[in-house]
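2 protein chains.
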Amino acid sequence: MAKFPSVAVLLITFLASFVSSNGQRSQNTIERDQQAYTTLVYPRIFDSILVDRPETPVQFRALLYLNLANWNAWCNYHPTAADSFGRTRFKRPLSEHTLQNKNTATMYALLRIYESSPQSFGGADGLGGYRNLLRELNLDPDDRSQNMSTPVGIGNREGMDLARLMKIDGWNAQGDETSSDPQYAQFFADTTSYAPVNTPWRITFPFRWQPLLENNGLGFFFRQEHVVPQAGSGIAMSLSPADVRRRRVPSPYRNSFAPFGRLFRSDIRVLSSNAKKVFQRSAQLTEEKRLLAELLDNKLSGFRTKENPFGTPSIGVVIRFGILGPRLDLSLDNEIIYGLATNIAVFDAMVTVWKEKLRHDAIRPTGQTMKMLFGDRKFEVWGGPGKPNTRIRAGEWLPYIRTMPHSEYPSASSCVCRSIVEHALIFTNGRDDFPFNLTFPKGSSKIYPGQVPSEEVTLTINRLTDWDRLCAQSRLDAGVHFEPSIEAGRQLCSGIGRSAQDTVDTLLSGKSDFKFLKWLPTDVERFWEED
Amino acid sequence: MAKFPSVAVLLITFLASFVSSNGQRSQNTIERDQQAYTTLVYPRIFDSILVDRPETPVQFRALLYLNLANWNAWCNYHPTAADSFGRTRFKRPLSEHTLQNKNTATMYALLRIYESSPQSFGGADGLGGYRNLLRELNLDPDDRSQNMSTPVGIGNREGMDLARLMKIDGWNAQGDETSSDPQYAQFFADTTSYAPVNTPWRITFPFRWQPLLENNGLGFFFRQEHVVPQAGSGIAMSLSPADVRRRRVPSPYRNSFAPFGRLFRSDIRVLSSNAKKVFQRSAQLTEEKRLLAELLDNKLSGFRTKENPFGTPSIGVVIRFGILGPRLDLSLDNEIIYGLATNIAVFDAMVTVWKEKLRHDAIRPTGQTMKMLFGDRKFEVWGGPGKPNTRIRAGEWLPYIRTMPHSEYPSASSCVCRSIVEHALIFTNGRDDFPFNLTFPKGSSKIYPGQVPSEEVTLTINRLTDWDRLCAQSRLDAGVHFEPSIEAGRQLCSGIGRSAQDTVDTLLSGKSDFKFLKWLPTDVERFWEED
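Those protein sequence lines, which keep their order, are chains V and X. Throughout the first sequence, residue numbering follows my numbering, covering 1 to 531 in sequence. Throughout the second sequence, residue numbering follows my numbering, covering 1 to 531 in sequence.
Quick caveat, the hints were computed from the structure, so don't treat them as lab data. All of these numbers come straight from a predicted model, not from anything done at the bench. Possibly wrong hints are sitting among the right ones.
Copies of one chain are not kept apart here, so a pair can be met inside one copy or by any two copies together.
EDC-like cross-link-like pairs, simulated, lysine to aspartate or glutamate; straight-line CA separation at most 16 Å [as the list claims (entries may be wrong)]:
1) K387 / D181
2) K446 / D125
3) K378 / D181
4) K518 / E483
5) K511 / D33
6) K276 / D181
7) K378 / E31
8) K289 / E335
Given the sequences, and given the hints that come with them, work out the whole structure.
And the structure:
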């Protein structure tokens, strides 16, 4: 218990640190700093359970629903905005548009989606803390009233409607699409019957995905499965099914589905050349590159930097809370608008890239791939923190960061980072120069705690577009991608930032944007139309 | 920091609780309660990192080395005992045979093996705490002197020699047998090139091991690899390589290595009949059976019962600390003798059963197996805590506890529990009746916290042999074994308790028992003979 308030205090300190250079906090800043989701619920409840536990697409889905709940509660205290179901009929009169009402509604909406599916938000560990948080604020977590003239009722209703959407959004989060009894349900189980064609020991199709062998460092080895193959056919928010289908990138190879013996020589040459570049980058890993590889790996979290002592200076967090909020002095309303739009961009980018990942089913640059290509040949690679490069057999190599459990092509990072930055530039009307310093204290790495960086390092990132470029490049330095994936991810997702903002603009004007409803089966109970 | 002493106090309370019925603590009890490994180092450092993290065979290896380090330090303050290398030349004169000297030597020996290979003991998290523990006792953790006239020197030397053994014991704990550079080493990586013939999606050989699909409940699915296949060809302590080779159990099937289409009908009938019994047991899961299935699953830990509030009432802990120590009022020396012998029995049993598990490569009763046997047929199975039984398709079924990542036949549990009890009966000269009450507080289950048991439950276990029987049966109730494995495990390991005690008796008399050295390559540097 005792640690929670201090985290909230830390967050406020963190947010405040970005404006302290201006000498004083603006009225907008003060309001933003009192918003329940941003400064209370997320840092106190979700930061710790979301950051390290779920895989990236599950994190993105969680962030989407958290921001939707935030929006759907808030919009009823806004003059024009509709909720994500296009509804404006729950709106409250202007006299009730207080920060306290917005916060109360938001906190109930967030609690209802969380308790309806704890596994969607990193697990149930935060539920007790959340309930305590409400009690501390003299709110009753068990008040499930749907009296729509009260903020509690609005929060409950909006949250419970979103919870119903979460059960039918195509992710199988409850496991009920693959199990007939909840006792035997496996949350997020694959609904597409995806099965890799290679094994960790035998590559039959040299260009297709091979499940990587991971281990816990204590003797338990396990083979990755492709995480949520169904994510590419679940809902998107600002893209219709046809929009997503249309977005495609060609394979860099002439026949990437061929088995051994039926390959094009030119394809093998290109793959080998790409693989050698992976080794070259490993041998050229500077401390700065390693810092960025780690920082930009987890889209929610990374180092505990001085700017962000509780450890979430991810690209999305930095741009939203570190750059745009304070530098543009966003109003609370605009902050919420930005928050929903950027998370819709991230989510839709991820859905799109997932569909393509499954379609291309591409092999990662792992030790096994290297062994297949180069046998026992030795290569010079990074030798560990503070150590010179080392020469090892191709098959022994490991990337600097963990290789994630999904197909290689295209890069989800380059797609998602592009979408975040593209959308941010829309928000700034094209203004790009927002210099930002990130200071990594000595030894603050999670991968090599105490060793990396060897001394305190400050990196200055001058432009929003630099974040995009660094994010994409860091995947190559990290060793988890071949080069063609980076540009493919960027191309694939170009324009999604725009469509995300368009969807939010439509909602803001009080009209419906039903794109995500087009993903639902036609026979689904249309609960958002009940009254 | 603050929590550590209270855990140590808890342990002393726990140990004391077993003798409080006698009215007062004996001199032996007082001495046992002051022994560093049992009451300080293990509960404060290793309990938390060993209990839940490593797989069972890695846990058993850790316990073996911890008890060997304890013995090897202590034996130099004993009139006759040799260390595990057969050495008596470091012995100290009788005047130095104080508990404090024994404890000091022990703590350094344990620290040296731990720091040499943190991954062998559940990870490096406890290292800082261990170093602090020494400092609190005014000992310098960085004192690496090997002055053999001091307890520090003796502890360091014995610990470092054991650490050298740990690097060549066949487990590849450092990963150096499979990697040429430590930066790229994967600890405990398989050295035998074991590769399962089935996948989670396709069973080609219906009787052979199929890697099970697990998930973290948050959307990450992963396929188990067979844990440490090399454990069956690493060292044993009281059995020579020939002894282990000789121990075999026949397959319950006529041809368990045949692929589909070349199977014996009678084999399929037997497997189907065994599989139906698994469902029957699932449908008959009483609360008592579920408590025992969970309690006896983790050989180091289980419920936090009233008798053991910090949660290690495993069979080995209960028999050693809960039953034999207090009821036989063991002297400190006898407690250490018992501790080493029982852990040698456990380790050698595990090595033996591992060799057989790899040889039989047998499929587990998982949902996939059930689907293969019964298709979409429905069966009545357990429906969840507080719920009636449910009828589900065969392939949806999951066992009550986690199916461990190793081949099914024979049961390691039945083998290990048999060895523990067999050895305990040697120690008691055949006395079997030691009634013991285990009280499970309401909701103390780790699998169903707050739900199981629905009310406080006290189970009375009357005899040592009951522990053996319950341990074996609990694997069937848990749903992780077919019936023939249980008796096979017991037969396979019969006599290992005896050989373990014989080895310790030989060491105690100051003679060498070099059985484990027979496992080492002949060209290994014989460091234990240096001086």
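Right, here's what the structure says about each hint:
In this assembly of identical chains, K387 and D181 lie within 16 Å of each other by CA distance solely across copies; the values are 11 Å between and 54 Å within a copy. In this assembly of identical chains, the alpha carbons of K446 and D125 lie at most 16 Å apart only when taken from different copies (14 Å versus 22 Å within one copy). For the identical chains of this complex, K378 and D181 are inter-copy neighbours only, at 12 Å across copies versus 52 Å inside a copy, given an alpha-carbon limit of 16 Å. Within a single copy, K518 and E483 get their C-alpha atoms no closer than 35 Å, and across copies no closer than 52 Å, so neither meets the 16 Å cut-off.
Taking identical chains as interchangeable, the C-alpha atoms of K511 and D33 are never at most 16 Å apart, the minima being 29 Å within one chain and 74 Å between chains. For the identical chains of this complex, K276 and D181 are neighbours neither inside a copy (50 Å) nor across copies (19 Å), given an alpha-carbon limit of 16 Å. Taking identical chains as interchangeable, the C-alpha atoms of K378 and E31 are never at most 16 Å apart, the minima being 59 Å within one chain and 58 Å between chains. For a Cα distance limit of 16 Å, the shortest separation of K289 from E335 qualifies neither inside one copy, at 32 Å, nor across copies, at 55 Å.
The structure is inconsistent with the numbered hints 4, 5, 6, 7 and 8, although it conforms to all the rest.
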